[in-house]
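Take the sequences, apply the hints, and build the full model.
Chains as they are written, first to last, in numbering that gives the first Met the number 0: chain A, 0 to 321; chain B, 0 to 327.
No wet-lab data here; the hints were simulated from the structure. All C-beta atoms in this analysis are idealised placements derived from N, C-alpha and C, irrespective of residue type, glycine included. Careful: at least some of the hints might be erroneous.
Stretches of chain A that chain B covers, calculated by requiring three or more beta carbons in the stretch to come under 8 Å of a beta carbon on chain B [as the list claims (entries may be wrong)]:
(1) 191-204
(2) 289-302
DSBU-like cross-link-like pairs, simulated, lysine-lysine; straight-line CA separation at most 30 Å [claimed, not checked]:
(3) A:Lys303 to B:Lys131
(4) B:Lys108 to A:Lys303
(5) B:Lys80 to A:Lys123
(6) A:Lys123 to B:Lys131
(7) B:Lys148 to A:Lys303
(8) A:Lys122 to B:Lys80
(9) B:Lys91 to B:Lys33
(10) A:Lys303 to B:Lys126
(11) A:Lys123 to B:Lys108
(12) B:Lys148 to B:Lys198
(13) B:Lys8 to B:Lys293
(14) A:Lys6 to B:Lys108
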Amino acid sequence: MLRYIVKRLLLLIPIILGVSAIIFILKTFTPGDPARQILGNDATQEQVDAKREELGLNDPVIVQYVRYIGGVVRGDFGESYRTGEPVLSEIVPRLATSAKITLGAVAIGAVLGILLGILSALKKYTWVDSLVLVISMFFQSVPEFVVALVLIMIFSVKLHLLPATGIETVKGYILPMVCVGLSSVASYTRITRSSMLEVLSEDYIRTARAKGQTEGNITYHHALRNAMIPVAQSIGTNLGNAIGGGMVLETVFGVPGVGKYIVDSITQRNYPSVLGGALIIAIVLTIINLVVDISFVLIDPRLKTTIISGGSKAPKKAKAAA
Amino acid sequence: MSENILEVKDLVIHYETDEEVVEAVNDITFTLKKGQVMGLVGETGAGKTTTALGIMGLLPSKVGHVIQGSIKLEGEDLLRKSPREMRDVRGKRISMIFQDPMTALNPVKTVGDQIAEVVLLHNRCSKAEALKRAQEMLAMVGIVPERYKDYPHQFSGGMKQRIVIAIALACEPDLLIADEPTTALDVTIQAQILDMMRKLQKDHGTSMILITHDLGVVAEMCETVAVMYAGQLVEFGSLEEVFDNPKHPYTRALYQSIPSLDKDVERLHVIPGMVSDPSNLPPYCSFFERCDEKCDRCRDFEPWAVEVDPGHVVRCLQYTPEWNGGEK
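The structure is reproduced here in structure tokens:
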């Protein structure tokens with residue numbers, strides 16, 4: 000098990016090198032001078048040159064890159080050009096905010112999606128099934144920000160129940176969570192539905208019926224856990240994507256999250272913040288995926304043997320063994 | 000109480016979809032005495048498994064329908080029972096062993112839990128008692144009881160089938176239906192499993208329907224034999240009657256297709272043609288096209304069951320008064 004975790008964490012090295020290299024290359028091709036951006040239009044050319052020297056912007060890109068990576072290894076992601084604060088300490092609270100919303104959203108999306116998926120699998124090819132499909136497709140097709148605006152119209156403008164922007168109170172979290180959550184309901188519903196239908200036609204379901212088990216227990220005890228394997232997989236991926244991907248919604252709802260931070264930093268040419276933000280998201284994603292993969296062992300005991308022995312092609316081997 | 004554990008009468012089962020109606024089981028009648036083992040033989044698609052699922056009440060919902068007939072277990076008609084009553088019958092009074100042990104066990108539950116489940120369903124006992132019973136069952140089928148905490152993927156195919164058998168026998172059912180229990184296993188394991196099943200069947204006096212297409216297995220294990228062809232029972236009788244004195248042309252052809260050690264034959268006998276399409280059965284004998292004993296009259300009627308000797312029933316026109324002596 001430990002060997003497997005270490006192996007997966009070592010993957011972080013190429014990820015960090017790769018992500019930072021891409022952003023460094025983009026930075027070289029981007030017009031505009033960060034030093035000028037920081038000092039403003041009134042600064043003299045001498046001041047700008049001195050600032051460039053101070054920031055190390057005159058060194059060759061490769062030197063800047065190596066210096067940056069050296070810092071990252073020691074946990075130093077540089078300082079924000081705008082505030083002079085360490086990037087890490089600026090990002091961590093924003094990441095926490097984004098994470099809260101993401102977790103809430105994934106919970107809402109997954110619970111709704113799984114329930115609807117089970118419902119349409121059990122009522123396959125009936126009007127219930129079709130209705131569920133239409134509703135979930137609707138929320139997947141309509142862009143998140145449109146749903147966001149409609150929700151704001153209803154709950155903030157008309158009903159005055161929830162704040163339109165900001166997260167000063169707990170209520171502020173509700174609309175962003177619901178909004179992001181609804182957009183993922185469709186995919187959970189479809190995965191759950193197809194996975195349930197597949198599992199319900201398995202031989203071991205027939206074995207359970209042959210034991211005299213009730214349909215309710217068959218669905219809950221025998222089918223659901225097996226059907227959840229692909230669903231859990233997609234929850235893991237969604238969780239990662241949603242943390243970094245909430246830029247538009249964080250802007251609409253005025254949430255000070257990590258997505259909005261990166262977007263703002265890009266417009267300000269605040270490269271250390273962009274780089275730091277991207278790298279930290281990449282690291283968090285890797286760790287989330289690792290946790291998700293390990294948690295599969297809880298659902299599917301077949302993986303235990305392979306993960307403990309340190310195999311990386313766990314699912315394939317498990318299938319062959321079965 | 001009658002001495003028959005199971006009486007199946009005039010059973011007809013259809014699979015109905017939007018496109019077609021598949022006549023899987025057509026009017027079969029047989030009885031099984033207590034403690035007896037009946038072999039149900041026939042080629043793939045003959046309706047053996049459908050018959051078994053019909054008895055279990057496990058036909059695919061919406062598609063599989065019992066059109067007519069009765070299935071009496073110790074005199075009670077199973078087809079008149081409510082789904083709830085049938086759940087009490089399944090696992091407790093009738094158990095089934097399925098063909099493929101690789102897929103018959105739930106991969107995310109320990110084998111102990113899977114055996115204990117059926118015990119808990121049909122007995123008033125605690126989880127701990129049920130698990131204890133599960134360990135006893137494992138020991139009975141020749142698996143170290145301590146392995147009750149293991150998952151199915153940690154067992155080999157033969158051991159999985161032993162576990163499936165343990166589940167089936169955990170509540171000491173009156174009737175056991177084994178649907179090709181050894182088809183998916185390799186030959187040496189087949190013999191082990193069959194030996195074990197025979198021993199358990201003898202020890203517990205369980206009645207059994209053994210579905211197979213291996214006539215050797217039938218000869219070793221069964222007391223009565225039912226031969227199915229295209230959803231019909233073409234021949235039914237005691238092992239001796241059916242093996243030594245086969246009456247139906249299909250049964251005879253089946254024996255000719257078994258390799259024999261003492262006869263020097265270049266090629267085995269092959270029954271020409273294919274099984275009739277069960278969604279498009281002819282209005283006459285469904286074996287007609289492949290039969291080498293047929294006559295013109297065979298096209299005029301659907302044959303009916305005739306008792307040629309006491310307890311030996313054959314569904315072929317040549318044993319009826321209508322038969323005109325095989326003139327061509």
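Status of each hint after checking the structure:
1. For the region 191-204 of chain A, the stated coverage by chain B holds: 3 residues have a C-beta nearer than 8 Å to a C-beta of that chain, and at least 3 were required.
2. By the rule of at least three residues with a Cβ nearer than 8 Å to a Cβ of chain B, the coverage given for the region 289-302 of chain A holds, with 4 such residues.
3. Straight-line distance between C-alpha atoms of A:Lys303 and B:Lys131 comes to about 26 Å, which keeps the hinted pair within the 30 Å bound.
4. For the suggested pair B:Lys108 and A:Lys303, the alpha carbons sit about 13 Å apart, so the restraint of at most 30 Å is met.
5. For the suggested pair B:Lys80 and A:Lys123, the alpha carbons sit about 26 Å apart, so the restraint of at most 30 Å is met.
6. Taken as a hint, the A:Lys123 and B:Lys131 pair is broken in the structure, with Cα atoms around 39 Å apart against an allowance of 30 Å.
7. The suggested pairing of B:Lys148 with A:Lys303 holds, with an alpha-carbon distance near 14 Å, which does not exceed 30 Å.
8. Using a Cα cut-off of 30 Å, the hinted pair A:Lys122 and B:Lys80 holds, with the two alpha carbons roughly 24 Å apart.
9. Annotation: proposed proximity of B:Lys91 to B:Lys33 holds, straight-line Cα distance about 16 Å (limit 30 Å).
10. Simply put, A:Lys303 and B:Lys126 have alpha-carbon atoms about 25 Å apart, close enough for the 30 Å limit, and the pair holds.
11. Note on A:Lys123 and B:Lys108: the hinted pairing holds, with a Cα-Cα distance of about 26 Å set against a maximum of 30 Å.
12. Between the alpha carbons of B:Lys148 and B:Lys198 the distance comes to roughly 26 Å, so the proposed pair stays at or under 30 Å and holds.
13. Note on B:Lys8 and B:Lys293: the hinted pairing holds, with a Cα-Cα distance of about 27 Å set against a maximum of 30 Å.
14. Between A:Lys6 and B:Lys108 the CA atoms are separated by roughly 29 Å; this keeps the pair inside 30 Å, and the hint holds.
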